[in-house]
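*Asks:* What follows is each chain in one-letter form.
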Amino acid sequence: MFETFFGFAIPGIPFGCTYAVIAVGLVLTYQATGVFNFAFPAQAYAASLVFTALIQSAHLPSWLAFIIAAVIMSPLLGLAFDRLLFSKIPNTNTTAKLVTGISLLVGLPSLLLVAFPSNYYNPPSLIWDINTVYLTFWEIPINGAQISSVVVTVLMLGALVGLLRFTNIGLQMRGAVESRRLVQLDGVNAGGVVAVAWMVSSFLAGMSGILFSPNFGEIQSQNYALLFVFALAAAACGSFRSLPKTAIAAVLIGIGQFLFQGYLPTTGFLFTTVLPSFPFLVLAGALLLMPGLRNLDSSADPLSSVDPPLPPTAAASRLPQMDRMIKIAWYTVLGVFVVSMLTWIPKDWESVLNQGLAFSALFLSITLITGMGGQLSLAQATLAGVGAFTAAQLALHLGLNFLIGGLIGAVVAAMVAVVLAVLSLRLRGLGLALMTLAAALLFDTAIFSNQTLAGGSGGLNIQAKWLGLDLNNPNGHLYFIVAFLVVLLITGMILFIRKGTTGRVLGALKGSETGAAGIGINLTKERIMIFALSGAVAGIGGVLLVIQENVANPQSFNYAFGLIFIVIVVTTGVSTVEGAIQGGFGFVVIQKLLGYAPARFADLTFVFFAFGALTYAAHPEGILEFQKRRSYQRIERFFPSAMKKSEENELAIGIAGGVSDD
Amino acid sequence: MSDPMGNIMEVEHVDAAYGPYRALFDVSFTIPAGGVVALIGSNGAGKSTVARTITGLVQATAGTIRFDGVDVTQKPAWQIARLGVASVVEGRGVFSQLTVEENLTLTFRQRGTRKELSRNLEKAYESFPALGERRTQMAGTLSGGQQRLLSLAKVLVIPPKLLVADELSLGLAPVVIDMVYQGLEKIRAAGTALLIVEQQVDRVLKISDKAVVLDRGSVTFEGPTNEAGNVIESLLARRERAGSTAAKLVDEAVNDGVDPEHVVSKLVDEATKGLDA
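In order, the protein sequence lines correspond to chains A and B.
So the first sequence is numbered by my numbering: it starts at 1 and just counts up by one.
So the second sequence is numbered by my numbering: it starts at 1001 and just counts up by one.
Where hints are given, some of them may not hold.
[Stated by the list, open to error] Chain A stretches covered by chain B per the calculated footprint, using a threshold of three residues with CB under 8 Å from any CB of chain B: (1) 161–172; (2) 263–272.
[As the list claims (entries may be wrong)] Result set (SDA-like, lysine to any residue): computed pairs, CA atoms no more than 25 Å apart in a straight line: (3) B:1115 with A:167; (4) A:88 with B:1186; (5) A:88 with B:1082; (6) A:510 with B:1018; (7) B:1115 with A:258; (8) B:1115 with A:88; (9) B:1075 with A:168; (10) A:245 with A:258; (11) B:1075 with A:307; (12) B:1186 with B:1073; (13) B:1075 with A:163; (14) A:245 with B:1140; (15) B:1123 with A:83; (16) A:88 with B:1076; (17) B:1115 with A:161; (18) B:1115 with A:166; (19) A:245 with B:1059; (20) B:1075 with A:164; (21) A:88 with B:1017; (22) B:1123 with A:330; (23) A:245 with B:1062; (24) B:1075 with A:169; (25) B:1075 with A:189; (26) A:88 with B:1188; (27) B:1115 with A:83; (28) A:245 with B:1181; (29) A:510 with B:1021; (30) A:88 with B:1123; (31) B:1123 with A:161; (32) A:88 with B:1059; (33) A:88 with B:1141; (34) B:1075 with A:510; (35) A:88 with B:1079; (36) A:88 with B:1022; (37) A:88 with B:1073; (38) B:1161 with A:87; (39) B:1075 with A:83; (40) A:88 with B:1138.
Worth flagging that the hints you see were computed from the coordinates, not collected in a lab.
From the three backbone atoms N, C-alpha and C, an ideal C-beta is built for every residue, glycine too.
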């Protein structure tokens, strides 16, 4: 009995140690810089890719490749992240920090694929050979990679605990994460301290990538993303604070995973559905049950008021004359667009722009929840999938018209969003983002991969008879008309909400939940309402998307798209409806244009938006929104008589926003 | 070294802003070496911005700031701190996630040597026994008064050349305010110059050598403390008049059914005129 138990458990230990190295690296970055580094797997991927390429293509010895990839490149990458991006983000702006990390997670692998177009297989071992058995326990062979995992984890954990707890720079790092400004008043070069933290954690990312790449047959960024999710669960169990607890949790997750694999019957529901979701369930469980995770990012910088207030939106700060001009221009563009779509635009481009409309609807759900509600949800693609698959299932099994099913799908997506809102009522910022990410991952593995529910990897084909209308006739324009009206309706609804009491309530919530509660606003009700609305809109977007693509494919709604969608909308402007619509069209048009370029550039769409989103650090209103305001200001110079009005506006906004600090 | 006129700090024609919003306009004053200057003014006058600008937290957009003969206008906060400027910031000025001892250690390792650390810690605990009893307690769990004492303990043990203290008495019980001011007296006795930003005018003027009065981001008075009280009273009276004017305008506008946007514009115009009068 014990032999069987240990037979299952022992192989889990090295895997657990693998998760531990990454999880501890994550916690170190979070503890020392205040940034939850979503780019960690991208950094690990970059180091292992460069390491393997240097050995297999440039034929360098492995020690030299390690020095270049892990000791030089990785810390420099971390330094660049800090100096160019994260150091510019105010410590209290959780959304900006998360979105910047996600942008790097999305953009860096795509960029690397352009630089390293070859596939690299069988990454080499650095220390002990993966194919050599060095030890046996209970007749279980332990290979070099497994020994590496355990040894590196123990050494690294000891070194990091020592660094943070017993050194002066460790103390400075812990001070800097709370307030870089306050630590500077003590004479500490906070920028230098945080840069060192980034370099150390990036070295760890690179080293973990290189050490564990032999476990994968091929170097692929998805492998590191999967490791990252396991590590995330472990880091959550350590409350993103305790390195030893994180490491122990990671090892236990590794052991637990192997024990379940060993004991569960391979054909049962638990094995096929629950086991793959094990790390996400652990992550969600930790977020729900551990009180320490409810207060992530709650230690506000006492000097946060030094940061300048957010500028008003471009629309709010423009002159009345210009306001009228812009409105006329918008209506003209809209008219020209509609007429063009119905007359001369080629069919392949009409199809692309139709897809843009579907994405616009989906992205408007992000405008609702993040732009208006101030909540960062990483599960919007999942909610879109819920809407789409519900409609498809209702059509498939009950013969219900797909459009009516789509409305029911939107309601189901709203209900899922409500469940998510209720589960994460006590979570804010990072905690909420991680909970929505866990939900997205859970749906990917448990629902969207299910043959019966989502049609397996090929998805469910949308049959013409389901639609009732001739929506997908390539010679007609019916899809365009329906999608256009839907987007128009959603846009109208959002503008109506924004201008009404609910919009003001949401604005109050976004500004200060404590303040909003103080004036009698029911936080729970408002939060659930915005989740439900956003879920319904995402569901409608998903339905439009699958009708346009003629297939409800689970791959279109996986968690990675949830991350990409956030990055896109943040780039184009998360607080305005035109930002979401521009994002929707920009996404498909850039993809279409890149289709004319060599295949290696196909993934550059993500890079465009990822690098656009990186400007979020400097311009939290979105780079397009920033450029719009700047353009308006330039135009204002030609209307000197109206300048007085603009200054008054600015002064009034300043007074209303409490610019005065004391 | 201080300049020949005996000033440890000279602020000349300084402007400062938070992004696009200007907060200081042509601010000039001096702080004598070893002297105590009270920086007073009403809410929104720009007092904290002055404190932040001279400590490097907010960069001046115009003008010059010299500390001990060195131009520090564009220097980052940590370099200014290393020249000998310490700061006790408004509100919670301690690292809440670090223990009392770690808070003190962080400061003492920067201002003193490693060998002196134990001695400096003991000195801090002797001066403020309440902190000694809570040395392993997270600073965020201390009371407001204890957090203030912790902030002062950091500067009392290794006195800086200049201490900038921002709203020290804010939200504290009178008995704690007494302790805080006793701490300031001790720091002054060690030869440290003080810039005390305060709203409690009476209290701060008693220990100050001179006063600087700010109004809407500009210095309206710099001189002996006994004259500052009159200036403050005159400012308050003007503010009250402006407030009445504003209220009257709102009433008139609402009664006339004017567009709210125009009410705000007119209000800003008239209120500004009222203050300039």
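*Asks:* Confirm or reject each hint.
*Replies:* For each hint, the structure was consulted:
1. 161–172: Since 3 is at least three, the answer is holds.
2. 263–272: violated (count 0)
3. B:1115 with A:167: holds (14 Å)
4. A:88 with B:1186: violated (39 Å)
5. A:88 with B:1082: Measuring from Cα to Cα gives roughly 23 Å; hence the hint holds.
6. A:510 with B:1018: holds (21 Å)
7. B:1115 with A:258: Cα-Cα ~51 Å, so violated.
8. B:1115 with A:88: With a Cα-Cα distance of about 36 Å, the restraint between residue 1115 (chain B) and residue 88 (chain A) is violated, given a limit of 25 Å.
9. B:1075 with A:168: The hint holds at about 24 Å.
10. A:245 with A:258: holds (20 Å)
11. B:1075 with A:307: Holds - the C-alpha atoms of residue 307 (chain A) and residue 1075 (chain B) are around 18 Å apart, at most 25 Å.
12. B:1186 with B:1073: Judged against 25 Å, a Cα distance of about 29 Å means the pair is violated.
13. B:1075 with A:163: Judged against 25 Å, a Cα distance of about 29 Å means the pair is violated.
14. A:245 with B:1140: This hinted pair holds, its Cα atoms lying about 23 Å apart.
15. B:1123 with A:83: violated (39 Å)
16. A:88 with B:1076: Holds - the C-alpha atoms of residue 1076 (chain B) and residue 88 (chain A) are around 15 Å apart, at most 25 Å.
17. B:1115 with A:161: holds (23 Å)
18. B:1115 with A:166: Holds - the C-alpha atoms of residue 166 (chain A) and residue 1115 (chain B) are around 16 Å apart, at most 25 Å.
19. A:245 with B:1059: violated (42 Å)
20. B:1075 with A:164: Answer violated: residue 1075 (chain B) to residue 164 (chain A) is near 29 Å, above 25 Å.
21. A:88 with B:1017: Between residue 88 (chain A) and residue 1017 (chain B) the Cα gap is close to 17 Å, so the pair holds against 25 Å.
22. B:1123 with A:330: The given pair, whose Cα atoms are some 69 Å apart, is violated under the 25 Å limit.
23. A:245 with B:1062: violated (51 Å)
24. B:1075 with A:169: holds (22 Å)
25. B:1075 with A:189: holds (12 Å)
26. A:88 with B:1188: violated (37 Å)
27. B:1115 with A:83: violated (34 Å)
28. A:245 with B:1181: Cα-Cα ~44 Å, so violated.
29. A:510 with B:1021: holds (22 Å)
30. A:88 with B:1123: Roughly 38 Å between the alpha carbons, so the hint for residue 88 (chain A) and residue 1123 (chain B) is violated.
31. B:1123 with A:161: Given that 25 Å is the threshold and the Cα spacing comes to 29 Å, the pair is violated.
32. A:88 with B:1059: holds (15 Å)
33. A:88 with B:1141: violated (30 Å)
34. B:1075 with A:510: Distance ~35 Å between residue 1075 (chain B) and residue 510 (chain A) Cα, so the pair is violated.
35. A:88 with B:1079: holds (19 Å)
36. A:88 with B:1022: holds (21 Å)
37. A:88 with B:1073: Roughly 21 Å between the alpha carbons, so the hint for residue 88 (chain A) and residue 1073 (chain B) holds.
38. B:1161 with A:87: violated (30 Å)
39. B:1075 with A:83: Cα-Cα ~18 Å, so holds.
40. A:88 with B:1138: violated (29 Å)
In this structure, the earlier hints numbered 2, 4, 7, 8, 12, 13, 15, 19, 20, 22, 23, 26, 27, 28, 30, 31, 33, 34, 38 and 40 are contradicted, and the remaining ones agree with it.
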